[in-house]
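Q: Given next are the chains, with one letter for each unit.
2 protein chains.
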Amino acid sequence: MKIGELAKLTGCSVQSIRFYEKEELISAPRRSECNYRLYDQKNLEQLIFIKHCRNLDITLAEIKQLLNLKQSPETQCEDVNYLIDEHIKQINLRMTGLKKLKGSLTDLRSKCRDNQTVKNCGILQDLLTKPTGQ
Amino acid sequence: MKIGELAKLTGCSVQSIRFYEKEELISAPRRSECNYRLYDQKNLEQLIFIKHCRNLDITLAEIKQLLNLKQSPETQCEDVNYLIDEHIKQINLRMTGLKKLKGSLTDLRSKCRDNQTVKNCGILQDLLTKPTGQ
DNA sequence: TTAAACTCTATAGTCACTATAGAGTCAATC
DNA sequence: GATTGACTCTATAGTGACTATAGAGTTTAA
Ligand SMILES: [Zn+2]
Ligand SMILES: [Zn+2]
Ligand SMILES: [Zn+2]
Ligand SMILES: [Zn+2]
Numbered sequence: 001m002k003i004g005e006l007a008k009l010t011g012c013s014v015q016s017i018r019f020y021e022k023e024e025l026i027s028a029p030r031r032s033e034c035n036y037r038l039y040d041q042k043n044l045e046q047l048i049f050i051k052h053c054r055n056l057d058i059t060l061a062e063i064k065q066l067l068n069l070k071q072s073p074e075t076q077c078e079d080v081n082y083l084i085d086e087h088i089k090q091i092n093l094r095m096t097g098l099k100k101l102k103g104s105l106t107d108l109r110s111k112c113r114d115n116q117t118v119k120n121c122g123i124l125q126d127l128l129t130k131p132t133g134q
Numbered sequence: 001m002k003i004g005e006l007a008k009l010t011g012c013s014v015q016s017i018r019f020y021e022k023e024e025l026i027s028a029p030r031r032s033e034c035n036y037r038l039y040d041q042k043n044l045e046q047l048i049f050i051k052h053c054r055n056l057d058i059t060l061a062e063i064k065q066l067l068n069l070k071q072s073p074e075t076q077c078e079d080v081n082y083l084i085d086e087h088i089k090q091i092n093l094r095m096t097g098l099k100k101l102k103g104s105l106t107d108l109r110s111k112c113r114d115n116q117t118v119k120n121c122g123i124l125q126d127l128l129t130k131p132t133g134q
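Which chain is which? The protein sequence lines are U and E, in order. As numbered in our numbering, the first sequence has no gaps in its residue numbers, which increase by one up to the final residue, 134. As numbered in our numbering, the second sequence has no gaps in its residue numbers, which increase by one up to the final residue, 134.
Some hints could be false.
Identical copies carry no separate label here, and so any pair may be met within one copy or between two of them.
With a straight-line Cα cutoff of 25 Å, these simulated DMTMM-like cross-link-like pairs (lysine to aspartate or glutamate) come out [said to hold, decoys possible]:
| no. | residue 1 | residue 2 |
| --- | --- | --- |
| 1 | LYS100 | ASP57 |
| 2 | LYS22 | GLU5 |
| 3 | LYS111 | GLU62 |
| 4 | LYS22 | ASP114 |
| 5 | LYS70 | ASP57 |
| 6 | LYS130 | GLU45 |
| 7 | LYS99 | GLU86 |
| 8 | LYS102 | GLU62 |
| 9 | LYS2 | GLU86 |
| 10 | LYS89 | GLU62 |
| 11 | LYS111 | ASP40 |
| 12 | LYS111 | ASP57 |
| 13 | LYS119 | GLU24 |
| 14 | LYS8 | ASP57 |
| 15 | LYS51 | GLU86 |
| 16 | LYS111 | GLU23 |
| 17 | LYS64 | GLU86 |
| 18 | LYS99 | ASP85 |
| 19 | LYS100 | GLU5 |
What the hints contain is simulated information worked out from the structure, not anything from laboratory work.
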């Protein structure tokens, strides 16, 4: 199949498929006479794997690690488990950060409930003076 | 004061101060004989405002809007309030996304509690086959 | 006097793409 | 056979908010 069909089947954009190839996340497919990329079932599976990982916000560098691990099917999978655990930790950190941020923003927003002139807007005044709790 | 001192006082890096100047978020300061940037109290206040906004993850484009609004002290501040409201909405969206992501990742992680060989790792198998709930 | 610490400009790199330009190819319709 | 539209190719630039580096000049303290 050509790249457009692969894109439709996987939900990746055509450009990002070419990008993954350049970054060596997927192997370069064979080409047609006129240089079109031609993909087979195996290529499709590769890309689906990558797409699933990206849906989970796993970085391309991490995906490369996972693909490397898959190359050694007889080794222990502890590195896989570790990678996912670390990823979950990262997300927890980001969530904690966002919660704080939301608190600060809600606090800031409360400084101007009624419409004021810009000069008297409590939000702008706070932004000038307060170090915004963090 | 020179750029290094301004950086220390505001918590911005020297490079990002120069970057803000290039992006016209702060006005170009006067220069010393040998072309060093020299900042005064007003420059410091400008940058503190920007730093506070950045601490709240307000984008540079939004900061520009706020700075423009500050130029018209007699107008109503509804645009300020609206901007902050929208920003809070954005953060809520991101938090919802992250919660889903964490759910999917936790689910994925549970597919391999005990160490397996890579070949039998439930995580890798799931990544191949499952569309990762979203 | 010499070394460390600072400043300057300009440029490239980060991440995971998206968008564009300019050219070639293919399928279907008139 | 001609034309249209949809597709493909490569190469390059842009996104956001910086960080890092190179190579040069300046200030300050020991
Ligand atoms: Zn990760
Ligand atoms: Zn207000
Ligand atoms: Zn915003
Ligand atoms: Zn496992």
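Q: The structure should be examined with respect to each hint, and the outcome stated for every one.
A: Now for the hints, and whether the structure bears them out:
1. Proximity of LYS100 and ASP57 under a CA criterion of 25 Å is satisfied in both settings, with 22 Å inside one chain copy and 11 Å between copies.
2. Within a single copy, LYS22 and GLU5 get their C-alpha atoms as close as 19 Å, which meets the 25 Å cut-off; across copies the closest is 44 Å, which misses it.
3. Proximity of LYS111 and GLU62 under a CA criterion of 25 Å is satisfied inter-copy only: 19 Å between copies versus 43 Å inside one chain copy.
4. Proximity of LYS22 and ASP114 under a CA criterion of 25 Å is satisfied in neither setting, with 54 Å inside one chain copy and 36 Å between copies.
5. Taking identical chains as interchangeable, the C-alpha atoms of LYS70 and ASP57 lie at most 25 Å apart only when both belong to the same chain, with a minimum of 19 Å there against 38 Å between chains.
6. When the C-alpha separation of LYS130 and GLU45 is checked against a cutoff of 25 Å, the pair qualifies only between copies, where the shortest distance is 11 Å, while the shortest distance within a copy is 53 Å.
7. In the homo-oligomer, the alpha carbons of LYS99 and GLU86 lie at most 25 Å apart both inside one protomer (20 Å) and across protomers (16 Å), since each shortest distance falls under that limit.
8. Proximity of LYS102 and GLU62 under a CA criterion of 25 Å is satisfied inter-copy only: 17 Å between copies versus 29 Å inside one chain copy.
9. In this homomeric assembly, LYS2 and GLU86 never come within 25 Å of each other (Cα to Cα): the closest approach is 36 Å inside a single copy and 41 Å across copies.
10. Only within a single protomer do LYS89 and GLU62 lie at most 25 Å apart by alpha-carbon distance; the minimum there is 14 Å, versus 30 Å between protomers.
11. Taking identical chains as interchangeable, the C-alpha atoms of LYS111 and ASP40 are never at most 25 Å apart, the minima being 60 Å within one chain and 29 Å between chains.
12. Proximity of LYS111 and ASP57 under a CA criterion of 25 Å is satisfied inter-copy only: 18 Å between copies versus 36 Å inside one chain copy.
13. In the homo-oligomer, the alpha carbons of LYS119 and GLU24 lie at most 25 Å apart only across protomers (22 Å), although the nearest pairing inside one protomer, at 55 Å, exceeds that limit.
14. When the C-alpha separation of LYS8 and ASP57 is checked against a cutoff of 25 Å, the pair qualifies only within one copy, where the shortest distance is 20 Å, while the shortest distance between copies is 35 Å.
15. Proximity of LYS51 and GLU86 under a CA criterion of 25 Å is satisfied intra-copy only: 19 Å inside one chain copy versus 30 Å between copies.
16. Taking identical chains as interchangeable, the C-alpha atoms of LYS111 and GLU23 are never at most 25 Å apart, the minima being 48 Å within one chain and 29 Å between chains.
17. Taking CA atoms no more than 25 Å apart as the test, LYS64 paired with GLU86 passes inside one copy only; the shortest distance there is 16 Å, against 37 Å between copies.
18. Taking the closest pair of Cα atoms, LYS99 and ASP85 come within 25 Å of each other both inside a single copy (21 Å) and across two copies (15 Å).
19. Proximity of LYS100 to GLU5 under the C-alpha cut-off of 25 Å is found in neither arrangement, the shortest distances being 44 Å within a copy and 29 Å between copies.
In the structure shown, a violation is registered for the earlier hints numbered 4, 9, 11, 16 and 19, in ascending order.
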